[in-house]
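A.B. asks: Listed below, chain by chain, are the residues.
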Amino acid sequence: MSLKTVLGATTALAICAAATTAFADGHATTITIATVNNGDMIRMQGLTEVFNETHPDIIVEWVTLEENVLRQNVTTDIAQGGGQYDVITIGTYEVPIWGANNWLTSLDDLPESYNIDDLLPAIRGGLTVDGTLYASPFYGESSMVMYRTDLMDAAGLEMPDAPSWDFIREAAIAMTDRENDIYGICLRGKPGWGENVAFITATSNSFGARWFDEDWTPQFDSDEWSNTLNFYIDLLNEAGPPGAANNGFNENLALFQQGSCGMWIDATVAASFVTNPNDSEVADRVGFALAPDNGLGRRANWLWAWSLAIPASSDAPEAAMAFINWATGPGYVEIVAEREGWANVPPGTRSSLYENQAYLDAAPFAQMTLDSILSADPTNPTVDPVPYTGVQFVAIPEFAGLATEIGQVFSSALAGLMTAEEALAAAQALAVEEMDAAGY
Amino acid sequence: MARAIPTSRRLAFTALAWIIGLLIFFPIAWIILTSFKTEAVAIADPPVFVNFEWTLENYCLVGLFPEADAQGNGGWLRGLMCDPDTPQRSDYTRFLMNSIVIALGSTLLGLLIAVPAAWSMAFVPGKGTKNILLWMLSTKMLPAVGVLYPIRLILIELNMLDSKGSMIFILTMINLPIIIWMLYTYFREIPVEILEAARMDGAGLKEEILYVLTPMAVPGIASTVLLNIILAWNEAFWTLTLTTVDAAPLSAFIASYSSPEGLFYAKLSAASAMAIAPILIMGWFSQKQLVRGLTFGAVK
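Chains W and Z, in that order, are what the protein sequence lines are.
So for the first sequence, my numbering puts the first residue at 1; every next one is plus one.
So for the second sequence, my numbering puts the first residue at 1; every next one is plus one.
Heads up, some of the hints might be wrong.
[Claimed, not checked] To give a feel for the contact side, a few chain Z residues facing chain W, derived at Cβ under 7 Å:
| # | residue |
| --- | --- |
| 1 | Ile43 |
| 2 | Asp83 |
| 3 | Pro84 |
| 4 | Pro87 |
| 5 | Pro150 |
| 6 | Ile156 |
| 7 | Leu161 |
| 8 | Lys164 |
| 9 | Gly165 |
| 10 | Leu240 |
| 11 | Thr241 |
| 12 | Thr244 |
| 13 | Val245 |
| 14 | Ser256 |
| 15 | Ser258 |
| 16 | Ser259 |
[Claimed, not checked] Not everything, but these chain Z residues come out facing chain W in the computed CB check (under 7 Å):
| # | residue |
| --- | --- |
| 17 | Asp45 |
| 18 | Pro46 |
| 19 | Pro47 |
| 20 | Ile281 |
Just so you know, these hints were derived from the structure itself, not from any lab.
Please read these numbers as outputs of a predicted model, since none were measured by experiment.
Ideal Cβ positions, reconstructed from N, Cα and C, are used throughout, including at glycine.
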């Protein structure tokens with residue numbers, strides 16, 4: 001066989017193969033899903049083959065990115081109409097802004113089997129703009145107190161279901177044993193709008209503070225903010241771990257799992273981590289309580305939902321809608337439960353999950369998670385009225401940048417580089433400048 | 001005559017060099033160690049160095065040992081090394097191939113443009129040569145994000161988002177000033193008389209560059225190539241913002257294991273170790289050329 005013949009045959013084969021592939025691809029729709037790296041999302045990615053059993057004509061490509069990179073890429077892509085993504089994972093901060101900008105496709109056409117009325121009202125409200133649902137919640141979370149039952153017993157105290165901040169302070173001091181590396185309370189101190197600002201803002205709600213008044217005038221010079229920040233700093237100085245200004249969710253999770261935290265107030269999603277005996281040394285000694293309050297009618301818990309949405313620039317909205325219906329519909333939890341157990345289903349989005357006895361039996365934190373979510377109201381988050389929505393954030397485009405700067409100021413105050421009053425004065429100046437520049 | 005260095009001072013310098021070397025290498029060593037730990041051991045306080053139960057689970061999960069393809073080919077190594085219950089989360093080979101294509105492609109394209117440019121500026125300098133060199137360098141001072149939007153819009157218009165071709169072109173343009181500057185510096189060390197002698201012997205421009213200049217500048221070109229490959233390999237801003245699936249290189253692979261909510265340090269370390277391994281191995285085998293090229297002309 002001559003070289004010419006071999007080359008000819010190879011070329012013909014390659015053309016046939018390419019044509020076959022093109023034919024097959026021509027009958028399939030490819031959707032690109034941008035998501036974040038956390039346990040529930042990774043599990044969804046692993047179940048792609050189950051989706052393909054019922055949707056063989058949809059090819060799913062996954063892009064997993066760090067949260068901030070994802071936010072930046074998706075924002076850029078949507079704003080420029082790049083069309084790189086067909087399904088995006090976004091939070092309750094983005095949905096009201098992006099929905100109002102017409103950057104997202106309405107999900108009102110989801111089929112009846114999706115059962116929209118089953119969504120928890122607080123979560124659904126945070127994803128709805130002018131009566132239109134723009135994102136479908138994949139999992140929802142609030143924040144709550146996770147505490148060591150053995151240390152609480154040793155301190156001679158009993159955690160109420162709905163503690164006050166005064167009780168938390170008393171218990172934190174009583175549980176602290178610095179010689180044995182046990183610190184009464186672990187809280188977020190790492191700067192960032194999704195880190196310390198989320199926690200401090202939710203806390204400020206329970207102290208009667210607010211970011212802006214009804215005229216969008218910054219309120220960091222109020223007594224309520226002074227009380228909030230001074231309490232937070234004093235609490236961590238008295239009963240927090242060393243270097244608390246560098247601790248975010250992950251650092252505190254590591255500390256709690258190693259038994260170094262008496263209490264940790266953070267995302268409800270952490271409950272499944274700290275009670276997992278494979279990772280946590282204190283898995284069998286964890287109790288849960290609602291986030292604290294000061295008797296003013298607002299608790300210090302937040303509300304967040306990682307949700308799936310379709311950017312307006314997607315060129316495959318029908319296929320994207322089919323995926324969202326599958327991944328966030330009522331049937332998805334059954335698939336996860338069957339394969340990985342009820343404790344691993346994504347929580348916090350549907351009422352029906354909290355009526356499911358199998359789930360309630362498998363997840364001891366279920367009721368507290370539900371109560372925490374239900375007690376958060378993103379449309380009415382503060383004691384005094386505000387012109388914005390969002391519990392631990394302010395749903396305006398300027399918030400992320402402004403809160404990042406303010407987070408650095410608060411973190412500096414916690415590290416002892418400035419006083420709480422100096423930090424609040426700096427925050428007020430930053431907010432006034434930003435809001436003036438933005439024309440509020 | 002060279003001055004004798006006392007043994008004690010030599011030993012002190014050697015010890016100092018080792019200490020500095022180990023300090024520089026420590027983060028990489030720590031990443032590699034962490035990649036063999038479970039997530040619980042990875043966050044242990046006090047940190048555990050080598051006395052832990054070593055596991056390949058993270059490498060299995062991030063895709064070092066690929067699963068069998070649709071036809072059932074391959075996957076035997078995975079069968080040997082991995083627990084069957086450990087899922088494979090990433091297609092490491094795809095990310096690796098994209099990194100190789102983009103890094104090598106941008107380096108080759110860069111050389112094609114930079115060698116003639118550096119030659120002309122080194123041997124036929126004009127009035128504006130110095131200004132051009134400074135202007136080229138000044139483009140490196142522009143924050144990349146400043147041109148992100150225009151570049152993205154151009155790529156959208158050309159339908160070239162998430163394409164290896166566009167990434168090769170962009171990384172070439174980004175690294176071109178450095179390549180030209182390095183080659184210019186090396187070429188300046190070559191006596192112009194040698195090139196003149198070649199011309200007198202009848203060599204044309206092509207022969208002069210290919211058969212006289214290039215062989216003499218091989219150490220410099222080699223170190224330029226290596227440095228450019230490293231720069232292109234490690235580039236994260238453009239690759240993370242302009243690629244999604246088809247052209248996503250290892251920087252995107254690492255980013256997919258970073259998480260603000262949940263402990264993924266061991267998996268992130270395994271992904272990082274696998275991303276830096278090829279460039280580390282290449283650097284190890286070419287360190288002689290790299291050092292020779294970087295010190296080329298330093299001592300006359």
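A.B. asks: Taking the numbered hints from earlier one at a time, note which ones the structure violates and give those numbers from smallest to largest.
C.D. replies: 2, 3, 5, 8, 9, 18, 19 and 20
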